[in-house]
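Chain by chain, the residues run as shown.
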Amino acid sequence: MTKIVNNRAWFFVLPVFATVAFSAILPLMTVVNYSVQDTFGNNQFFWNGIGWFQELLDPSSQLGEQFLSSLLRTLLFSFIILMIEIPLGIAVALAMPREGWTVALCLVLMALPLLIPWNVVGTIWQVFARGDIGLLGWIVNRLGIDYNYTGDALDAWITIIVMDVWHWTSLVALLCYAGLKSIPDAYYQAARIDGASRWAVFRTIQLPKMRRVLLIAVLLRFMDSFMIYTEPFVLTGGGPGNATTFLSIDLVKLALGQFDLGKAAAMSLVYNLIILAVCWVFYTVMTNVDAERERVEA
Amino acid sequence: MARITLDHLAHAYNADPRTAEDYALKEINHVWSQGGAYALLGPSGCGKTTLLNIISGLVRPTRGRVRFDDVDVTDLATEARNIAQVFQFPVVYDTMTVRENLAFPLKNRHVPRDRTAQRVEEIARLLDLTRVLDRKASNLTADMKQKISLGRGLVRPDVAAILFDEPLTVIDPHLKWQLRSTLKEIHRALDITMIYVTHDQTEALTFADKVVVMHDGAVVQTGTPDELFERPAHTFVGHFIGSPGMNILPCRVEGAMAIVGTTMIPLHRAYRTLSGGERIELGIRPEFALLQPKGAGLPVQIRRIDDIGRARIARVEMSGRPLAASVPNDISIEGNEASLVLDPNHVHIYANGHLVAGEDNRGRSA
Amino acid sequence: MTLTLEGVSKRVGAATHIHDVHLTLEGGSLNVLLGATLSGKTSLMRLMAGLDTPTSGRALIDGEDVTGRPVQRRSVAMVYQQFINYPSLTVYENIASPLRVSGLPRNEIDMRVRDAAKLLKLEPYLDRKPLNLSGGQQQRTAIARALVKRADLVLLDEPLANLDYKLREELREELPRVFAASGAIFVYATTEPSEALLLGGNTATLFEGRVTQFGPTPQIYRHPRDLITARVFSDPPLNTLKVTKANGSATMSTGGLIPATGALSAVPDGEYTVGFRAHHLTLDPAGADEIAIPSVVSIAEITGSESYVHLDASEHRLVALVPGVRRLEPKSRVTAYLDPRHLFLFDVDGRLAAAGPASKAA
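Quick mapping for you: the protein sequence lines, in order, are chains L, A and Z.
For what it's worth, this note's numbering labels the leading residue of the first sequence as 277, then goes sequentially.
For what it's worth, this note's numbering labels the leading residue of the second sequence as 0, then goes sequentially.
For what it's worth, this note's numbering labels the leading residue of the third sequence as 1278, then goes sequentially.
Hints were generated in silico from the structure; no laboratory data involved.
Backbone N, C-alpha and C fix where the C-beta goes; we use that ideal spot for every residue, glycine too.
Keep in mind that the hints are not guaranteed to be accurate.
[To be verified] Residues from chain Z shown here face chain A by an in silico Cβ test under 8 angstroms; the list is partial: (1) A1313; (2) G1412; (3) E1446; (4) T1468; (5) S1471; (6) D1512; (7) P1571; (8) S1575; (9) E1578; (10) T1580; (11) G1581; (12) S1582.
[What the hints assert, rightly or not] In silico lysine-lysine, DSSO-like type, Cα no more than 27 angstroms apart, as pairs: (13) L:K457 x L:K485; (14) Z:K1519 x A:K209; (15) A:K25 x A:K293; (16) Z:K1406 x Z:K1395; (17) L:K485 x A:K135; (18) Z:K1406 x Z:K1426; (19) Z:K1426 x Z:K1395; (20) A:K293 x L:K457; (21) Z:K1608 x Z:K1519; (22) A:K135 x A:K106; (23) L:K485 x A:K106; (24) Z:K1398 x Z:K1426.
Chain L with its partners taken away, still in its complex shape:
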């Protein structure tokens, strides 16, 4: 038996391979290389084996403690924004009109925050939330609430979370909206005939039909929030203290601030592995959902 042979196809794919090799594989190998060595500058390297990894994963060491606390901080952040953005996104999608000229208007408005570059979002909120010249900060302070995101850890967290919700809820909402649009009218009619309440329609029709897009939304939002860097860096720079130092910020501090290339390399590899593991879990869950859906029994 002969396989389909069309060599032209390989030729077209070649540039992609080259790009991937230069942009992903080579840097990754460099990182792996750094992670098992120590350097005192001057381009002199010494073999360190798994030393950096041991230190990193040992909470009693200074590096380990720092890593663990920023990991927990990042996880907490991801958890909070998922808990807010997913339900809020569903609610927004449900409230959006399903036909007429308002649909296009809604879609454009929803897409706007998504089109703003990350660092600009950080800058906007940095100004917007300032107590002296920022509209939000000024109003909140005027209402008699003591609010200062540069000095107070809780205020900094709230500001970053509100900013992320503002920036990304519309992505969740748009995905859910697409899921809702794919439900045939007959389902709603049948539910009305069956006397289902609004809540029952949501629970028995809309939510199950949105399950797939919701999984994608959760995955995307988790990945993205877990790797968040630009906005908090611009807004708070990781402070006050270490209050908003998420993993990515920690990593950059380590690599560029302290020039601890070995530690930073080990840390970025562990960071990478965590993300891959979570990806894998989501992928498995998602394919299981699909398989279950497609299995038709007599």
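Take the given structure of chain L and dock chains A and Z to it, following the hints.
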């Protein structure tokens, strides 16, 4: 349980209908009696789905009233009408088991739990769903899902009517037979008014006691399957019902004789009422036009003979007009020349598409 | 040209979609693939087209192995159940589109498009956009586009399934004429036995990814080789009864004894399944040798000219297609009569053991 009355009902989708063409559904007056099995039959775009949606309350008619028994339901919402509907594509609640699906309408209406359980068991037995009651509904085949949709309607003891919107579209031919006879049996067992919308004549005729044939937004004939078959009131009914449909041939009528091209066809009835200005056509079903050897009847030329398994259908030409005819089992014909014997009782004359009654003249001529 | 499939199988993961198919399709022939949903019709068509590569086996065109050759390098056209046309192009441009790609001279394109439009009665609509046409006209456009390419192999996957009953009847009647005008191999998938009979040509019956029988359509209908083929090619469904033959007579599972004459006399003692079609079961005996089956009416469906009477005969569900209008009360007792000239006898493995004389004579 209810009698459904359609009183001067008409519907237009645009806001300001002026001419008859603006109406998707032209004025209709109709009474569907309690417990009957009815079919709405017609091609796509004939208005049958509009009518169904008006009955179910999804569309509010432009004019006229809908009454269930003596209650005017024209302004009532779907959920307030006590009707159930089975759609073209099966609608089941994916996350629920079959049992939960069937219980859903009762749960929404706060029926006590033990009463619900008992009713679900009853309906499941009726629909032969007992052995899958605890399976997830999403994993079942299309015909099972349609039974569940039907079951969700039947489970409500107060349901006034069940509406079917081309429910067998996605069902394989073999299973269509089973599901159709299940529907009929349930209709007999439960005494519920059922209205079945379809473009498929076999489904309509086999399901319904009375078939309403629709064309261009209007009802062209209402009758039992045999009435529609034997005395189509309009050439459209003749063409639409039957496979192949009725042969419709332009003709002239002189006394008790119809003339198609150069062929003279004796009639059993006289048509004195024809003024001469109308378009006159003769209708004869292929079932009543038998192919015979040359010389036995009206001369025809055979174009083709189709073997459809249980019967043979001849495509012939009579005075240049194409015609379908039945080939009796014991007949074999050599060459192209043959003749046609028409059953005079089933030769109908149409003026501008409508059946003309004619007067029986057999007594006089005999 | 001739397309040959030699022992073609297709497995996807653990599932076998197509199992060891041998078929030879001749140029200028119409071949119907008849089978239920998921029986493998579409999978087989994809293999024929070269959209999929078989897991094992070979595909030959005029004796040349083309197994791995992709669809772009074969001469194939396809028509689908959904009406697939370019919505922004006129009917004319839709039909012309495959020719524009191949860079034919303008007058040649025009000639071919007009020929195809004439054949499919699309001439009045050439300047319209497909979405302004009826479903039947949209599908005619798709068929015209497939024909105009003059491909060697034209595949039609349930092309009439989305059309109204009457439109289906009309197109079904025209298609054999349209096909005959071309020299291509036509492959036509359908779930409906009546459609296969109306189209004629050859039929391959499919069941669970296997071709159970292939040959001229009326022959497959009248001489099924096994129970599965007979079931696939029967609408209404094939009636079956279990019988046990011993000592010169056969006992039906319905309790009745039937004399082991005709087809039954020729076979050895043992268990059999008797199969027969609905129109060979009547409620009025026509001859003395007919087999009586006591039954109970389940439901009678009247089509106007005929009645389908559903009967319960012990544990068997039978359908009789009888002429005229028969109003029978459910639960009433009747005797159904089976014409022994039209029965099929299948052994325990489902293979045809014997058939009534009418089946042999035809």
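Results of checking the hints against the structure:
no., hint, verdict
1, A1313, "holds (5 angstroms)"
2, G1412, "holds (7 angstroms)"
3, E1446, "holds (6 angstroms)"
4, T1468, "holds (6 angstroms)"
5, S1471, "holds (7 angstroms)"
6, D1512, "holds (5 angstroms)"
7, P1571, "violated (20 angstroms)"
8, S1575, "holds (7 angstroms)"
9, E1578, "holds (3 angstroms)"
10, T1580, "holds (5 angstroms)"
11, G1581, "holds (3 angstroms)"
12, S1582, "holds (5 angstroms)"
13, L:K457 x L:K485, "holds (10 angstroms)"
14, Z:K1519 x A:K209, "violated (38 angstroms)"
15, A:K25 x A:K293, "violated (48 angstroms)"
16, Z:K1406 x Z:K1395, "holds (17 angstroms)"
17, L:K485 x A:K135, "holds (15 angstroms)"
18, Z:K1406 x Z:K1426, "holds (20 angstroms)"
19, Z:K1426 x Z:K1395, "holds (15 angstroms)"
20, A:K293 x L:K457, "violated (65 angstroms)"
21, Z:K1608 x Z:K1519, "holds (23 angstroms)"
22, A:K135 x A:K106, "holds (18 angstroms)"
23, L:K485 x A:K106, "holds (21 angstroms)"
24, Z:K1398 x Z:K1426, "holds (18 angstroms)"
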